[in-house]
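First residue of the sequence shown? That's 1 in the UniProt record's numbering, and the numbers climb one at a time after it.
Everything labelled a hint here was simulated from the structure, so no lab data went into it.
The beta-carbon is built from N, C-alpha and C at its ideal position, and this holds for glycine as well.
Just so you know, not all the hints are guaranteed correct.
Stated by the list, open to error - The following label-pair restraints were derived from C-beta to C-beta distances:
| hint | residue 1 | residue 2 | range |
| --- | --- | --- | --- |
| 1 | E3 | P100 | 57 to 67 Å |
| 2 | L119 | F220 | 26 to 36 Å |
| 3 | L168 | T58 | 14 to 24 Å |
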Amino acid sequence: MNESTRTRTLLVRLLTICWLPVLLVAAWFVVSANSTDVFWPPLATILDELVTSFTAGTMWSDLGYSFTNYFAGLAIALVVAMAIGILVGEVTVLHKTLMPFLDFARATPHVSFVPIIILGFGIGAGPKIFLIAFACLWPILLNTIDGIRAVPASVHESARAFRIPLHLRILKVTLPGALPQIVVGVRIAISVGVVMLIVSEMFGADRGIGYFIVDTGANFAIASTWAGVILIGLIGYLLSQAFSLLENRLLRWHRQFVPSGKTKASSPLPGSDSASLASALN
């Protein structure tokens, strides 16, 4: 593929992705241009307030505080969920014993814990990191368990036949097999974490993007409130797109086995036959 063809293909993809958002934003801009409703300000006013929040306000510090907590909570959830998920997925007795409790905990609305944690532990960063980690934990944990248990028994039998040590079996066989399902859990956790970030700062905080939205709304600075909402939506979208790029790189081998548009947790693994399994461990 030559350079001009590659550029044309990229432009077509960008147009396919962007035409609807651009059309909606343009329609919003035109429809709201002459609005005098205090609760529905013109989009131009909202964008002006967003720029002012960055140049003369506290938006940079609010975003830094919020997303430091967010990434800390997401990282903690990822480590804890994968550790517990591997253990529960590999040990059948633990799976049978713990799954009813995990399903119960998963079904409990996470937002209901926010006022309890904030009242009990204060409005600092620690409780917010805990709440974000707690909310992100469940999709990663349950998808890790499902992914590990979906690895074909023949793969485990081949690993045992080669007398592969447990730590190598987990790193080279079990985790690659469960990775498509784990990635699904992380994708869900990214969105859930953003929601919990905002909610935790709305209930009790003295800074952060959630506090900014509540504070400006309470002071009837509605344009600034809209600016905060649009900004957090844009950041959530960019986080999702960035993870999609990482997902494409991590699951490149998986897409070779799964037809486009279909999902299959138990697709062949790199190393699912004896010869390739042995070479993968070298």
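Hints versus structure:
1. Between E3 and P100 the CB atoms are about 58 Å apart, so this pair conforms to the stated range of 57 to 67 Å.
2. For L119 paired with F220, a C-beta distance near 27 Å keeps the hint of 26 to 36 Å intact.
3. Look at L168 against T58: about 50 Å separates their beta carbons, and that is not inside 14 to 24 Å.
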